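Protein chains: 2
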Amino acid sequence: MLVQKYRDMLSGKSVIRQLAEFATERGKEIGYENVFDYSLGNPSVPVPQEFTDKMIELLTTRESGELHGYSPNLGITGVREAVAASLEKRFGLPYRKEHIFMASGAAGALAHAFRLVTEPGDEILTFAPFFPEYHPYVDLTGAVLKVVPPDLERFQINFEKFEEMLTEKVMAVLLNTPNNPSGVVYSGETLERLAGILREKSGLYGHDIYLISDEPYREIVFDGAEAPCVSRYYDNTIMCYSFSKSLSLPGERIGYVAVSPRCKDAEEMINMCVQISRGIGHNCPPSIIQLAVAEVLDKTADMRVYETNRNLLYKELLSLGFTCVKPGGTFYIFPKAPEEDAKEFCRKALKYDLILVPGDTFGAPGYFRMAYCIDTEKVERSLGALRKFVQEEGYLHV
Amino acid sequence: MLVQKYRDMLSGKSVIRQLAEFATERGKEIGYENVFDYSLGNPSVPVPQEFTDKMIELLTTRESGELHGYSPNLGITGVREAVAASLEKRFGLPYRKEHIFMASGAAGALAHAFRLVTEPGDEILTFAPFFPEYHPYVDLTGAVLKVVPPDLERFQINFEKFEEMLTEKVMAVLLNTPNNPSGVVYSGETLERLAGILREKSGLYGHDIYLISDEPYREIVFDGAEAPCVSRYYDNTIMCYSFSKSLSLPGERIGYVAVSPRCKDAEEMINMCVQISRGIGHNCPPSIIQLAVAEVLDKTADMRVYETNRNLLYKELLSLGFTCVKPGGTFYIFPKAPEEDAKEFCRKALKYDLILVPGDTFGAPGYFRMAYCIDTEKVERSLGALRKFVQEEGYLHV
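Chains A and B supply the protein sequences, listed in that same order.
Taking my numbering, the leading residue of the first sequence gets 15, the next gets one more, and so forth.
Taking my numbering, the leading residue of the second sequence gets 15, the next gets one more, and so forth.
Source of the hints: derived by calculation from the structure; they are not laboratory data.
A couple of the hints might just be wrong.
Identical chains blur together in the list; that is why a pair holds if it fits in one copy or across any two.
Unchecked claim - Derived DSSO-like pairs (lysine-lysine); straight-line CA-CA distance at most 27 Å:
#: 1; residue 1: 68; residue 2: 103
#: 2; residue 1: 215; residue 2: 103
#: 3; residue 1: 350; residue 2: 103
#: 4; residue 1: 42; residue 2: 365
Note that the structure is predicted; figures quoted are calculated from it, not measured.
Hey, can you work out the whole structure from these sequences and the hints?
Written out as structure tokens, the structure reads:
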């Protein structure tokens, strides 16, 4: 018999996906260039040329078995060494290859992290607003994802609610900074306070509480700033990284798990990842992509366009009277909708060919997300549509 | 706390892996060319040049977002269409893209298949000798893998034992033909009889029993033969394919699930695969590899070397007095050890730098596997070592 739980999931189509499909369909009618599609977080800038050059070099110079043969279960040794060296240089923690497990993107990395530290029935806490895929990612392992309500002032952490919810059943806390959907970068102060609470409760409950840090947007930070490194604040941190956004490679499925060198069982945890892989059909990221990425670890795609877009949108949203926390990174912005029902607001926006995603699915009803990983020229054209929308619908004082 | 079941698995190192590591270490002492390493099933022939050419063409002509962007959850549409067309042409069943889900190699495909049709506690039957990774693949889903003892005459199916074990709790039967480790191709007669039993018992028990057909060796068949297509014999067949062996690409993680068009819920099952992916961190095989493989679906690497090696080894083994079923395909051969304890036999072989894998781990104690995906020149040199081994140890009448 087919398994009912997956069958049941078929009817619950993702809101983001529905909107993206609407945008595609609408594009067929009026030209996709005229659809102001802010639905999907798909990088719009090209991969660095160095990556492409390295791929071609590998294809033309390496022997087939060496290039396309099985990767060791932990990932290609030289690639893990290069990742560790890059992390050590960047963050000042003594990473070695023994702390690195190569994974198929952030989704692959998180699938391992959850299974490392939770049994069915255990709880994982995350903070709203949050990436909605966390629910199936966690819930289908048998663990339970609970969502701490948002800090609506700043989209940092609602510590009052967090402390209430951090019971003995919580084995891990899942953090996403820079954050999808808010674009907010968690401050050093936030991370310090979070770490203090986790240390205190670990002691109180007599078991480690792990911090799973989902960092695909780590390299997309604005105003010349850097995102504070989560692993520096809390020893039991499992970093889950993806090159999808920083190198504009989401289709190639490449990332890693990096357990903090200060975590007492770090090496054992990395070896456990291999065992987890056997149960979930994971078998390392593609060899050629591992080898090519190792050459461009400290590079990124040219992501200036995201900051330009952030500036344009943030300024216009404020001038139209929206309430909005200024994104410090990513390619998302998460304003408050000017009516209580953000779904209704986003539905009306479709008339103006503005594709906005209601915040309900991110755990913050009444807000909406714009993914501005699109051409600046289109952002500029969208501002007129946005202005027209709020004027004609009588939303704001403009 | 770290999860104990994965921790416990760390001590149980795979025998094959231990032997492969021994071979590598020994190679450092005497030169790897002098180690007759028959341990690993890693293809020895190069990828077809057309694949490499297509990769370079994609890298030099395609726009970055189109090439490296997110693949749709089911796989790239054009790739699924091409796979379906190839299967239809090849096997005469009306495959459409709706029957195809692109997966990260056979391991990824199987991870989806098991979860489609089994809940924790359900049973899956497979036939000895079998690929030992099936145990963690299945057991870690919560389902239970039970192994039908081998048909030692021909390494087809021991139907008597199979019928005994095919109880109401069995939701799926897992089949691997051409077979690792025996090299045997299941005959049309075997598949016919298997299908008849499955139909009968499905009716009797009032639930479908699915046939999960693991076919990574489908294209490696000798003597100009073809492996009978499992999906033609039984409607409720879930084909799990990998290009690892046929294209010599095991590191690039590319394969698919193809549900038989005759399976009543085929399209729903393919859509369910996407839901399963969300729980196991699977997110399609790499985009560029999907696009490149689609160009070489009906090609294979030049695999004549495997047949040459089979001929050499089979002839020599027989002449040394071994009992051995002649492999019809793959790059494995699975002779009977000339002493009861095959582990002891394989241990002694190490003195002659012959790396043989005892059959215990494949569910057939007393046998041993040789993976002859190595250069013919090395196979030829190994024959002398094999002869010396059996002579000096006094095993056989030579």
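Status of the hints after comparison with the structure:
Taking the shortest Cα distances, residue 68 and residue 103 sit within 27 Å of each other inside one copy (23 Å), while across copies they are farther apart (37 Å). Proximity of residue 215 and residue 103 under a CA criterion of 27 Å is satisfied in neither setting, with 31 Å inside one chain copy and 62 Å between copies. In the homo-oligomer, the alpha carbons of residue 350 and residue 103 never lie at most 27 Å apart, since the shortest distance is 39 Å inside one protomer and 55 Å across protomers. Only within a single protomer do residue 42 and residue 365 lie at most 27 Å apart by alpha-carbon distance; the minimum there is 16 Å, versus 70 Å between protomers.
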